[in-house]
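A.B. asks: Below, each chain spelled out in residue letters.
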Amino acid sequence: MTNYIGKSVKRVEDKRFITGQGNYTDDIKIPNMVHAYIVRSPYAHAHVKNIDTAEALKVPGVVSILTGADIPEAIAGVPCGWQVDFKNGDTMKEPPHPLLVRGTVRHVGDGVAVVMAETKAIAKDAADLIDVDYDVLDAVADPKKAAEPGAPQVHPDCPGNLCFDWELGNPKEEVAAALASAHHVTELDFVNQRVVPNAMETRGVVAQYDTAYDKYTIWTSTQNPHLIRLLMCAFVLGIPEHKVRVVGPDVGGGFGSKIFHYAEEALLVWASKHIGRPIKWTCDRSEAFMTDAHGRDHNSNAKMGFDKDGKIVALQATTFANLGAYLSTFAPAVPTYLHGTLMQGLYTTPKVNVDVKAMFTHTNAVDAYRGAGRPEATYLLERLLDLAALEMDMDPAELRLKNFIPAFDGVEQPGYQTQVALQYDSGNYEPVLKRALEMVGYENFRKDQAAALSTNKILGIGFSTYIEACGIAPSAVVGALGARAGLFESAQVRVQPTGKVSVYTGSHSHGQGHETTFAQIVADKMGIALEDVEIIHGDSDSVAFGMGTYGSRSLAVGGSAIVKSIEKVLDKGAKVAAHLLEASVDDLDYAEGKWTVKGTDKSVSFGDVSLTAYVPHNYPEGLEPGLDFSSFYDPANFTYPFGAHIAIVEIDKETGATKLLRFIAVDDVGNVINPMIVDGQIHGGLAQGIGQAMHEGALYDDTGQLINGSYMDYCMPRADDFPSFEIDRTVTPCPHNPLGVKGAGEAGCIGSTPAVVNAVVDALWKAGYKVKDIPMPMTPERVWTAMQG
Amino acid sequence: MIPISFNYKKASSVDEALSLMTDDAKILGGGHSLIPALKLRLNSVDTLIDISKIENIKGINDNAQSVTVGGGATHASIASNSALAKAAPMMAEAAHTIGDRQVRNMGTIGGSIAHADPAADWPAVLLASDANVVIKNKTGQREVDIDQFFTGFYETALADGEIITAIRIPKTAYNANSVYEKFKQPASRFAIVGIAAAAEMDGNVVKALRIGVTGLAEVAFRPMEVEKELIGKELTEANIDAALGTIANGVSVMGDHYASEKYRTHLAKVYTKRALLRLK
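The listed protein sequences derive, respectively, from chains A and B. In this text, residue positions in the first sequence follow my numbering: the first is 1, and each later residue adds one. In this text, residue positions in the second sequence follow my numbering: the first is 790, and each later residue adds one.
Since the hints were derived computationally from the structure, they do not count as laboratory data. Check the hints yourself; a few may be wrong.
[Claimed, not checked] Residues from chain A that keep clear of chain B, each with C-beta distances beyond 12 Å, as calculated: (1) Pro95; (2) Pro152; (3) His274; (4) Asp448; (5) Gly607; (6) Asp634; (7) Ile707; (8) Ser710; (9) Met712; (10) Tyr714.
[As the list claims (entries may be wrong)] The calculated lysine-lysine pairs, modelled on BS3-like cross-linking and capped at a C-alpha distance of 25 Å, are: (11) A:Lys575 / A:Lys598; (12) A:Lys770 / B:Lys1051; (13) A:Lys215 / A:Lys29; (14) B:Lys996 / B:Lys1022; (15) A:Lys770 / A:Lys447; (16) B:Lys960 / B:Lys842; (17) B:Lys798 / B:Lys927; (18) B:Lys960 / B:Lys1017; (19) A:Lys402 / A:Lys308; (20) B:Lys799 / B:Lys996; (21) A:Lys653 / B:Lys842; (22) B:Lys1051 / B:Lys973; (23) B:Lys798 / A:Lys124; (24) B:Lys1069 / B:Lys1022; (25) A:Lys653 / B:Lys973; (26) A:Lys659 / B:Lys960; (27) A:Lys172 / A:Lys87; (28) A:Lys145 / A:Lys303; (29) A:Lys29 / B:Lys828; (30) A:Lys564 / A:Lys594; (31) B:Lys1051 / A:Lys772; (32) A:Lys500 / A:Lys402; (33) B:Lys1017 / A:Lys457; (34) A:Lys58 / A:Lys124; (35) B:Lys973 / A:Lys457; (36) B:Lys996 / A:Lys124; (37) A:Lys500 / A:Lys10; (38) A:Lys120 / B:Lys973; (39) A:Lys500 / A:Lys602; (40) A:Lys311 / A:Lys598.
For glycine and all other residues, C-beta sits at the position ideal for the given N, C-alpha and C.
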């Protein structure tokens, strides 16, 4: 009996990773390859008056040095993949983003020149000799300051540094009226700080032009090979897509930062033909800090109104979102359709308005980072709820239970229509919170907390009950919301003559374990051994098409496409089997890898059917040979995972040092294919979400310098910063995809951040320090300062 | 992360290393400060003379009057040394808090104090221990009292062309009763403040006391007034609180995005108190 779904099958890809046999972009070596090093601006804003490369060109081993002036005018800049227009209908401001700057640098790390040499060391030595004459200008790094009159302008054609303004939900006046008549209004100004994704493998590109076939190949550390090809070919270089092969080989993490098309990709592809040699570029860690698209960076004000029973009556959220100096691929979508649309949370809030101003600043681009907009929305809502509970002297758990949307399965009961555009697919919110409360031992904790008040180590508890939109999703919907691409997925299931199965998926695994999870689905549905399935991904010449992996979409969308192809394979296989068994298709059952005539012991195996399909000597008339099907799956809706997270912290009153004592996460990600992998995804997400609350945060000073761009200064969370996570799940299947799955990649990161901050505020509040907010990351000094009054 | 090219020479003895020294050369110990600086091109060097393979400066020797720690001893070897655990337990305690296991396995005490990072752990511990630094140069050997060794921000009494071959930790009653308390910068795990304290007690009363403070100021130092104030007193919270007011007297307190001057000074007091309260 093959039964893989729901089992913690060990990851088949781990053998090559653990034994050092992974093949990452920097492992790729091509004869005659040169190494590129990119000269980057040390200033946030400056005119480039002159670039003198004469001395650098004399360094032995230097092959070529190119600047923006060397790139033909016909080559466009890096495009944006999403358009969000102004409230009044004006088109979104979309300033040019050249592959290398032409005249003005707009953030620290902006590319000024590329040096190509026989070794990376030579390229770097030569780069040190390039004399760039900068005329340094005033800069602005903060999105709110960028909106002030007289702020330094990032782009000449974007007055007020505004990319667009945007609004969603009920009319503002209605929300204002509801707030005005509310029994209590909780209001908070807060910053969801900028974080640096820090994938373990830095970005890298290898580009090769083959004169024999007039074809380019690019290996790039990406989450999204086909979209990179589309954007680069159609919008930047003007090269026909069939003349470009994009490979995303083994990729060591992305967290969103590798979804996007980066200038280095197009630059190297173009330059590989220009100089007639293959080129490799591998990003240094310092460069990664400066140039990998960052996450978050919202500056918000929010007001939540309650009636006297604690029912939420209205929410007004106003946000300045920092997009950085240039528009990254999905940047406009993150603070809008991935953020504003989640502002109802799990609650029945009748009036919601979200107002967003998307700002240009002299900083690195901000785009989707694990959760992308949904963590920011969750942070805002969940901070307000715990704070409101403190202010109204209500229990934060009770307050949530009062406001939850009642259970609906999306089948018997319809999906839930929010005030902010989305229709949730299925949800049952009370059980996750109640399970989390049970796990934490809530009543006992409150006793411990009271007892600790007389000591130097005070305790706090924080809640977060979140919802997210995953499986991003129906192409028609995202198109209406401004996406310039579809968001379906493709899958090809190719049965080999011997019954072994190769699956080509448009999803891209860079840590998620697709090679295992997808194989479990295939083996289970086809009734064959896991070892007989191979998952192939990441190569645009192998896989028909793909929309890549992000937004927890791989299983819900990519996995569903695989299921569609499996169904086609089995339908055709049944015809072959029926012919061999001299029975009607309707009389056959398929189980455990064989077709059996109902009520008999007459059967034929999947392997025999496969062989027959490729050696069709005795074969149904009119049926094509072969057993190989492709499918494209475009879902009916997003999926909506949800959960309840609880943090317990201990604060050293003398120093403000905060220790996370316990973290409880009860998540509902729909059906689960591989529990171990889902647990791993939850754990990783929690580490990132808690990391943002307690440790991480990119710091730009007023001149636009990134002042903590190294691991000596930017604190990544480590294993010893965490307790052992206590996790559990409920299962509310997704009603609209064939696997009933919702996606698990981002849940941990979306739910956890506010729980930790809420716990610290709870500890302080209960100890008599009535502070509303501790800015993230909650460094000891910030917590200590809050206790100084 | 590729340094400007340099020559590399591996010395098999201290004398050989000294003979290889030129004006443009630098000594390479465990490499945990110098190599990153070279890779970031914050620093460049003509020649690196690697002394990490010289066996006779790596040992820790238990003598009658002192424990002699080789300049090439790694943090890990100090952390696990039984003679030091007895003679100066703060040594092992501090060694355990340095970086991570990989850093402790490579980094050396001699390299660390020669570099004199104002947030490094060893300066506080060695100041508290009244150590002597044994230094060799082309003309011979000299010993520097630790109180004269750290002279400024990344500055020491070490002259060009000199190598730290050993650090002598005297076997004293106060070193046998010593502790190290550290508040870590969470990213680098260097000290925001690190306090080493060593006391000889006469019953409940302090007979001799040495305190080393790192991280607080531009150079590690001893808060002499605090030490003096507590001589002849019991280490009670009240006495300690009364003495701590002067801890930052005369020093230039550092501040950064992680810990301001005010907060650092506060932490120095809290951690000094915690260290002193642990002394028996």
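A.B. asks: Confirm or reject each hint.
C.D. replies: Now for the hints, and whether the structure bears them out:
Listed as a non-interface residue, Pro95 (chain A) keeps its Cβ farther than 12 Å from every Cβ of chain B; the least gap is roughly 31 Å. For Pro152 (chain A), the shortest C-beta to C-beta distance to chain B comes to about 22 Å, beyond the 12 Å cut-off, and the non-interface label holds. The non-interface label for His274 (chain A) is consistent with chain B: the shortest C-beta to C-beta separation is roughly 25 Å, beyond 12 Å. Its beta-carbon lying about 24 Å from the closest one in chain B, Asp448 (chain A) satisfies the requirement of being farther than 12 Å from that chain.
The claim that Gly607 (chain A) is not at the interface with chain B holds, since no C-beta of that chain comes within 12 Å of its own (minimum 51 Å). Every CB of chain B lies more than 12 Å from the CB of Asp634 (chain A), the least distance being 44 Å, so the non-interface label holds. Once the 12 Å rule is applied to beta carbons, Ile707 (chain A) is inconsistent with being away from chain B; the minimum gap is 7 Å. Residue-level check failed: Ser710 (chain A) sits 8 Å from the nearest beta carbon of chain B, not beyond 12 Å.
Chain B draws Met712 (chain A) into its interface by the beta-carbon criterion, the shortest separation being 4 Å against a cut-off of 12 Å. Annotated as non-interface, Tyr714 (chain A) brings its C-beta within 12 Å of a C-beta of chain B; the closest such distance is 6 Å. For a cut-off of 25 Å, the pair hint linking Lys575 (chain A) to Lys598 (chain A) stands: about 15 Å separates their Cα positions. In summary, the hint linking Lys770 (chain A) to Lys1051 (chain B) is supported, as the alpha carbons are separated by about 22 Å, within the 25 Å threshold.
This hinted pair checks out: Lys215 (chain A) and Lys29 (chain A) have alpha carbons roughly 18 Å apart, not beyond 25 Å. With a C-alpha separation of about 8 Å, the suggested pair Lys996 (chain B) and Lys1022 (chain B) falls inside the 25 Å cut-off, and the hint holds. Restraint check for Lys770 (chain A) and Lys447 (chain A): the C-alpha separation of about 20 Å stays at or below 25 Å, so the hint holds. For a cut-off of 25 Å, the pair hint linking Lys960 (chain B) to Lys842 (chain B) is broken: about 28 Å separates their Cα positions.
Simply put, Lys798 (chain B) and Lys927 (chain B) have alpha-carbon atoms about 17 Å apart, close enough for the 25 Å limit, and the pair holds. Taking the CA atoms of Lys960 (chain B) and Lys1017 (chain B), the gap is near 21 Å; set against the 25 Å cutoff, the hint holds. Annotation: proposed proximity of Lys402 (chain A) to Lys308 (chain A) holds, straight-line Cα distance about 12 Å (limit 25 Å). Taken as a hint, the Lys799 (chain B) and Lys996 (chain B) pair is broken in the structure, with Cα atoms around 47 Å apart against an allowance of 25 Å.
Using a Cα cut-off of 25 Å, the hinted pair Lys653 (chain A) and Lys842 (chain B) is violated, with the two alpha carbons roughly 47 Å apart. With a CA separation close to 17 Å, the supplied pair Lys1051 (chain B) and Lys973 (chain B) stays within the 25 Å bound. Distance hint between Lys798 (chain B) and Lys124 (chain A) is fulfilled; the C-alpha atoms sit about 24 Å from each other, no more than 25 Å. Proposed proximity of Lys1069 (chain B) and Lys1022 (chain B) is supported: the alpha carbons are some 13 Å apart, at most 25 Å.
Only pairs whose Cα atoms come within 25 Å are accepted, and Lys653 (chain A) paired with Lys973 (chain B) is accepted, the gap being roughly 17 Å. The hinted pair formed by Lys659 (chain A) and Lys960 (chain B) fails the criterion: a straight-line CA distance of about 37 Å is larger than 25 Å. Taken as a hint, the Lys172 (chain A) and Lys87 (chain A) pair is honoured in the structure, with Cα atoms around 13 Å apart against an allowance of 25 Å. Simply put, Lys145 (chain A) and Lys303 (chain A) have alpha-carbon atoms about 21 Å apart, close enough for the 25 Å limit, and the pair holds.
Distance restraint check for Lys29 (chain A) and Lys828 (chain B): the Cα-Cα separation of roughly 23 Å lies within the 25 Å cut-off, and the hinted pair is therefore satisfied. For a cut-off of 25 Å, the pair hint linking Lys564 (chain A) to Lys594 (chain A) stands: about 19 Å separates their Cα positions. Distance restraint check for Lys1051 (chain B) and Lys772 (chain A): the Cα-Cα separation of roughly 23 Å lies within the 25 Å cut-off, and the hinted pair is therefore satisfied. As the CA atoms of Lys500 (chain A) and Lys402 (chain A) are separated by approximately 54 Å, the hinted pair breaks the 25 Å bound.
Using a Cα cut-off of 25 Å, the hinted pair Lys1017 (chain B) and Lys457 (chain A) is violated, with the two alpha carbons roughly 32 Å apart. A hinted pair counts as satisfied when its Cα atoms are at most 25 Å apart, and Lys58 (chain A) with Lys124 (chain A) qualifies at roughly 13 Å. Among the hinted pairs, Lys973 (chain B) with Lys457 (chain A) is consistent with the structure: their alpha-carbon atoms are about 18 Å apart, no more than 25 Å. The straight-line distance between the Cα atoms of Lys996 (chain B) and Lys124 (chain A) is roughly 59 Å, outside the 25 Å bound, and the hint therefore fails.
Our distance criterion of 25 Å between C-alpha atoms is met by Lys500 (chain A) and Lys10 (chain A), whose separation comes to about 20 Å. Between the alpha carbons of Lys120 (chain A) and Lys973 (chain B) the distance comes to roughly 36 Å, so the proposed pair goes past 25 Å and is violated. Distance check on the hinted pair: Lys500 (chain A) and Lys602 (chain A) sit about 23 Å apart at the alpha-carbon level, within 25 Å; holds. With a C-alpha separation of about 58 Å, the suggested pairing of Lys311 (chain A) with Lys598 (chain A) is violated against the 25 Å cut-off.
Comparing the model with each numbered hint stated earlier shows that hints 7, 8, 9, 10, 16, 20, 21, 26, 32, 33, 36, 38 and 40 do not hold.
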